[in-house]
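Visitor: Working from the sequences, and respecting the hints, build out all of it.
Protein chains: 2
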Amino acid sequence: MAKRLGRRTIALDPPVYLSAHAAIVGQKEGEGPLQGTFDLVSGDTHFGQKTWELAEANMQRIAIETAAGKAGLSVADFDMILAGDLLNQCIGSSLASVRSNVPFVGLYGACSTMAEGLAVGSCLMNSGAARCLCAAASSHFCSAERQYRFPLAYGGQRTPTAQWTATAAGAAVLTDQKTPVRVTHVVFGQIVDMDVTDANNMGAAMAPAAYDTLSHLFEDTNTQPSDYDRILTGDLARVGSRLLRDLFARDQIDLGQPYDDCGVLLYGSAQDVHAGGSGCGCSAAVLCGDILDRMERGALHRVIFAGTGALMSPTSVQQGQGIGGICHAVILEGA
Amino acid sequence: MAKRLGRRTIALDPPVYLSAHAAIVGQKEGEGPLQGTFDLVSGDTHFGQKTWELAEANMQRIAIETAAGKAGLSVADFDMILAGDLLNQCIGSSLASVRSNVPFVGLYGACSTMAEGLAVGSCLMNSGAARCLCAAASSHFCSAERQYRFPLAYGGQRTPTAQWTATAAGAAVLTDQKTPVRVTHVVFGQIVDMDVTDANNMGAAMAPAAYDTLSHLFEDTNTQPSDYDRILTGDLARVGSRLLRDLFARDQIDLGQPYDDCGVLLYGSAQDVHAGGSGCGCSAAVLCGDILDRMERGALHRVIFAGTGALMSPTSVQQGQGIGGICHAVILEGA
Chain A
2 MAKRLGRRTI
12 ALDPPVYLSA
22 HAAIVGQKEG
32 EGPLQGTFDL
42 VSGDTHFGQK
52 TWELAEANMQ
62 RIAIETAAGK
72 AGLSVADFDM
82 ILAGDLLNQC
92 IGSSLASVRS
102 NVPFVGLYGA
112 CSTMAEGLAV
122 GSCLMNSGAA
132 RCLCAAASSH
142 FCSAERQYRF
152 PLAYGGQRTP
162 TAQWTATAAG
172 AAVLTDQKTP
182 VRVTHVVFGQ
192 IVDMDVTDAN
202 NMGAAMAPAA
212 YDTLSHLFED
222 TNTQPSDYDR
232 ILTGDLARVG
242 SRLLRDLFAR
252 DQIDLGQPYD
262 DCGVLLYGSA
272 QDVHAGGSGC
282 GCSAAVLCGD
292 ILDRMERGAL
302 HRVIFAGTGA
312 LMSPTSVQQG
322 QGIGGICHAV
332 ILEGA
Chain B
2 MAKRLGRRTI
12 ALDPPVYLSA
22 HAAIVGQKEG
32 EGPLQGTFDL
42 VSGDTHFGQK
52 TWELAEANMQ
62 RIAIETAAGK
72 AGLSVADFDM
82 ILAGDLLNQC
92 IGSSLASVRS
102 NVPFVGLYGA
112 CSTMAEGLAV
122 GSCLMNSGAA
132 RCLCAAASSH
142 FCSAERQYRF
152 PLAYGGQRTP
162 TAQWTATAAG
172 AAVLTDQKTP
182 VRVTHVVFGQ
192 IVDMDVTDAN
202 NMGAAMAPAA
212 YDTLSHLFED
222 TNTQPSDYDR
232 ILTGDLARVG
242 SRLLRDLFAR
252 DQIDLGQPYD
262 DCGVLLYGSA
272 QDVHAGGSGC
282 GCSAAVLCGD
292 ILDRMERGAL
302 HRVIFAGTGA
312 LMSPTSVQQG
322 QGIGGICHAV
332 ILEGA
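In order, the protein sequences belong to chains A and B.
Final position of the first sequence in this note's numbering is 336; the numbers increase by one with none missing.
Final position of the second sequence in this note's numbering is 336; the numbers increase by one with none missing.
To be clear, the hints were calculated from the coordinates, so they are not data collected in a lab.
Do not rely on the hints blindly, as some may be mistaken.
Unchecked claim - Computed cross-link-like contacts, BS3-like style, restricted to lysine-lysine with a CA-CA straight-line distance of at most 27 Å:
no., chain 1, residue 1, chain 2, residue 2
1, B, K4, A, K179
2, B, K179, B, K71
3, B, K179, A, K4
Guide: Put into C-alpha cells, the structure is as follows:
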C-alpha cells in the first residue's frame, strides 16, 4: 500500500521495480552527447512510415517492444500500457498500441508524460491492479513542428528561448519482481500558471511548476538536493532550468551539482537547438537510456526524475491564455 | 488491495465509495428526456466566457466545484483531480483546474474518459495514494465541432450515422468513507481497430471495443447481462448500440432490457441529433446526473458503466487511418 507523506508525496510500499527500459531516437538525437546510450538511432526520420504521425507511433511501438524484449517478455505479457504524447488526441500513442491486445490507459501531461506514466503506473502496481506494466511516451520533431508551429517547409525563424522538440521515445517496464532499480516515491503536481503567454518560452512557463513539486518533495521526505545523485527535470532546457535554480536560491536552497535538465543533456551546444530539447520523448529517452543504465550499473544511486509539461494548445495560445506548467516526479533508487 | 480476476477485471477491496456527483449541461441537453436530473442547465452556451474553449473549461470547473460542494468539501480537499476532454492537448481540463491548487492527472480516452477516470481513480484510492479525489470529463458542441469538423457558421450537412457532441460535463467524488454507492470492479480496455475509417460513424468504430471489454467483464465476474439493473455504454448512440447487441447475439447473449447507451438517453427523438449524443461530457453527465441519483435512491442496485472512446484525430482520419475504439468499464453497486 502506498502511504501519503506530508502534503504531496506518496511513499510506495513495497517499492515498484523497473525491470527494463528502452530509448529510441532520431539521427540528430543520436549524434548528441548521449550517443551510445540509445537502443536504436533511426537514420530514417520516417521510421519506415508514410506520415509523421505513423513515424512517431512506430517509434513509440519499437520502444515498447524493445523494453518488453529486454525484460524477457512479450508486449502481451503487460497487464497494461500507459502512454501519451503531444499530438492532437494523443494519436501517436493510440496508433502505437492499436495492435498490442493490451489494455491501454491514455495519459496527457505534455512533456511530463513519462513521469506521469511512472507515477500513475507505480500507484496502479501498489494497488494490485497490475503486476507488470509499461509506461511510455514519445515526441517527433516533424509531427510536433507542423502541429504546433509552422509547416516544416516554411522554415520559420525560432526565438532564442524556443525549444527543439526531440524525435525520441522511451518506455519502461514496471514489475513486482525485485530488480536493482526501484521507484520509492511519487509526487503528482498541480498546475501552476504564472501568466506566461509566449509558446516560445515554455521553460519559463514550466519552471514554477517544477519548483512547486520539488519543494513539496524535499519538505515531505525531509531531504535536500545534496541527498540525491541526480535531480533531473524534463524539459525546462537552458532558460527554464536557470529559472528553477533562481527560484530555489530565493529559499536559500542550492540545487547544486546534482541538478540537470533532460532538455539540456540531450543535445550538444553545437547542435543549434536554441534553449534545448523538449517533447515527451526528450525526458523519456534520457531517462530510459543513459540514466537508468547508470542506475543499473550502480553509478547513480538516488535520482529524482521530475517531468515538466506546458499545458497549452495552439488555440489557447492564440487566444492569449496563460500557459500552465505541471510537474510530476518520482524518486528512483538504484543498486 | 485490488485483485486481478480472470484476464481483465480488477476487483477493488475495499470498494471505493462515491460521495457526490454533479452534471452541468447546455440548453439543448437540458431540454431532453433527462431534464431535471442536472445540477445546472446553462442558457448561455458561452458559460460567461469569451471563447468556446474557456466555456468548456468553465463548465467542467463548475461540475468539479458543485460535486465538491455536494460532498461537503471544497476543491482544495481533493488529493487529486483526474480529468480529460476532447480538445487538442486536453486544454479544456487544464484550464478548468488551473487555479485549483490540487494535483492534476491528465487523461486521454476520448469519450471513455469519465470511465477511465473512475477506473484509474478507483485503483489509486485502493493503492492508498489518495483518500479522496475527483474524476471529471467534459465536451462542448461548439469547441468540438469547430475542431473536428467545420466552423460552426459553415452549417455543414451531417450524415445519418453522425453523432452530436454534447455540451456537458460530469464530475464524481471518490472517497474511502462509506456511502451508499460504490465502485466494486474495474476493467481497462484494449484498443480494437476494425478498420472503420468514417469519422461520421464512430458508433461502428467503438462497438467492437465495448464488446471486447464487456465480454471479458461478464466472463471474469461470472455474471450475465440480466444480473445488472443497467448496462450503460457511452457513447455508441443508435448505430453503435445496435451493433453491440448484434455482436453479443452472435454469442447467444441477449443484452436485453438492462442495456442502454448514454448517447441514446441524453436526447429525445425530436431533437435532431442523428445517431445520438457523443463527447466525453455525454456519458459523464448521464452518469453523474440521472444514474447516480437513482442509485442513491435505491432505484438501481447494480450498474455497469462502460465508457467508449474513438481514438482518432482529424489528421489521422484525413490520412485514412482506421479509428481505434476503446472501452473502459466500472461496476457500480448501490444501496
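Visitor: Next step is simple, just say for each hint if it's right about the structure.
Guide: These are the hints, each one checked on the structure:
In summary, the hint linking K4 (chain B) to K179 (chain A) is supported, as the alpha carbons are separated by about 20 Å, within the 27 Å threshold. The straight-line distance between the Cα atoms of K179 (chain B) and K71 (chain B) is roughly 15 Å, inside the 27 Å bound, and the hint therefore holds. For the hint pairing K179 (chain B) with K4 (chain A), the CA-to-CA distance comes to about 20 Å; that is within 27 Å, so the pair holds.
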